[in-house]
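**Q** Those protein sequences? They're chains A and B, same order as listed.
When you read off a place in the first sequence, starting at 1, and then add 43, the result is the number in my numbering.
When you read off a place in the second sequence, starting at 1, and then add 616, the result is the number in my numbering.
Think of the hints as simulated: they come from the structure by calculation, not from any bench.
Don't take every hint at face value.
[To be verified] In silico EDC-like cross-links for lysine to aspartate or glutamate, where the CA-CA straight-line distance does not exceed 20 Å:
id : chain 1 : residue 1 : chain 2 : residue 2
1  : A       : Lys116    : A       : Glu63
2  : B       : Lys673    : A       : Glu122
3  : A       : Lys58     : A       : Glu110
4  : B       : Lys669    : B       : Glu685
5  : B       : Lys687    : B       : Asp642
6  : A       : Lys52     : B       : Asp654
7  : B       : Lys669    : B       : Glu633
8  : A       : Lys100    : B       : Glu717
9  : B       : Lys686    : B       : Asp675
10 : B       : Lys634    : B       : Glu717
11 : B       : Lys671    : A       : Asp135
12 : A       : Lys100    : A       : Asp135
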Amino acid sequence: AQRVTQPEKLLSVFKGAPVELKCNYSYSGSPELFWYVQYSRQRLQLLLRHISRESIKGFTADLNKGETSFHLKKPFAQEEDSAMYYCALSPDRGSTLGRLYFGRGTQLTVWP
Amino acid sequence: DVKVTQSSRYLVKRTGEKVFLECVQDMDHENMFWYRQDPGLGLRLIYFSYDVKMKEKGDIPEGYSVSREKKERFSLILESASTNQTSMYLCASSLPAGWNEQFFGPGTRLTVL
Numbered sequence: 044a045q046r047v048t049q050p051e052k053l054l055s056v057f058k059g060a061p062v063e064l065k066c067n068y069s070y071s072g073s074p075e076l077f078w079y080v081q082y083s084r085q086r087l088q089l090l091l092r093h094i095s096r097e098s099i100k101g102f103t104a105d106l107n108k109g110e111t112s113f114h115l116k117k118p119f120a121q122e123e124d125s126a127m128y129y130c131a132l133s134p135d136r137g138s139t140l141g142r143l144y145f146g147r148g149t150q151l152t153v154w155p
Numbered sequence: 617d618v619k620v621t622q623s624s625r626y627l628v629k630r631t632g633e634k635v636f637l638e639c640v641q642d643m644d645h646e647n648m649f650w651y652r653q654d655p656g657l658g659l660r661l662i663y664f665s666y667d668v669k670m671k672e673k674g675d676i677p678e679g680y681s682v683s684r685e686k687k688e689r690f691s692l693i694l695e696s697a698s699t700n701q702t703s704m705y706l707c708a709s710s711l712p713a714g715w716n717e718q719f720f721g722p723g724t725r726l727t728v729l
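Same shape as in the complex, but just chain A (with noise of 0.2 Å):
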């Protein structure tokens, strides 16, 4: 069975800050991994995702195969950054289901 563990509900950091979201899975086979993230008001929406090996919005992320971790981190918070963010799980890249499992999520602050 597929499982997306988010361990921080709430995560608040200062303006300039380091963050990192935790983000760990469980499943054997070959996952994409993705980020989504829910900025107030607006619709849920892709950050980034593992396969495109792309920095949006200064935030990475590194799949760890050997933890099976894929945390997203950023070197410097910005009071943008607040938002809900989800960590998401496909099982099969080539699946043509292409259904994803998601974290429970992680409320990231950032004071100003």
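Given chain A's structure and the hints, the job is docking chain B onto it.
**A** Below, chain B alone, put in the same frame as chain A:
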């Protein structure tokens, strides 16, 4: 530039009513999904569809059904609404294959009294 739309932003229904939530996407996506979003529980998949008239149960299908008669439209039906179905409902669509981005609608906040 709206790509996924949901029929209602807010909806209030009474216990026992039949409720229809509509979702339309204009991106010609094969896959469509219905989630419910609850604080502390994240997003949970109710049903999804990978083609017209095709559907698969998600993790919490009990009390719900779906309909996909046209590619662009995916409906969620609450056969007999109950108070524990009060929630935010999100629709999403994507191209096939697991690495593709899901595009989400704005959500429907349903309250069942």
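**Q** Which numbered conditions among the earlier hints are violated in the structure presented, ordered from lowest to highest?
**A** Of the numbered hints, 2, 3, 7, 9, 10 and 12 do not hold.
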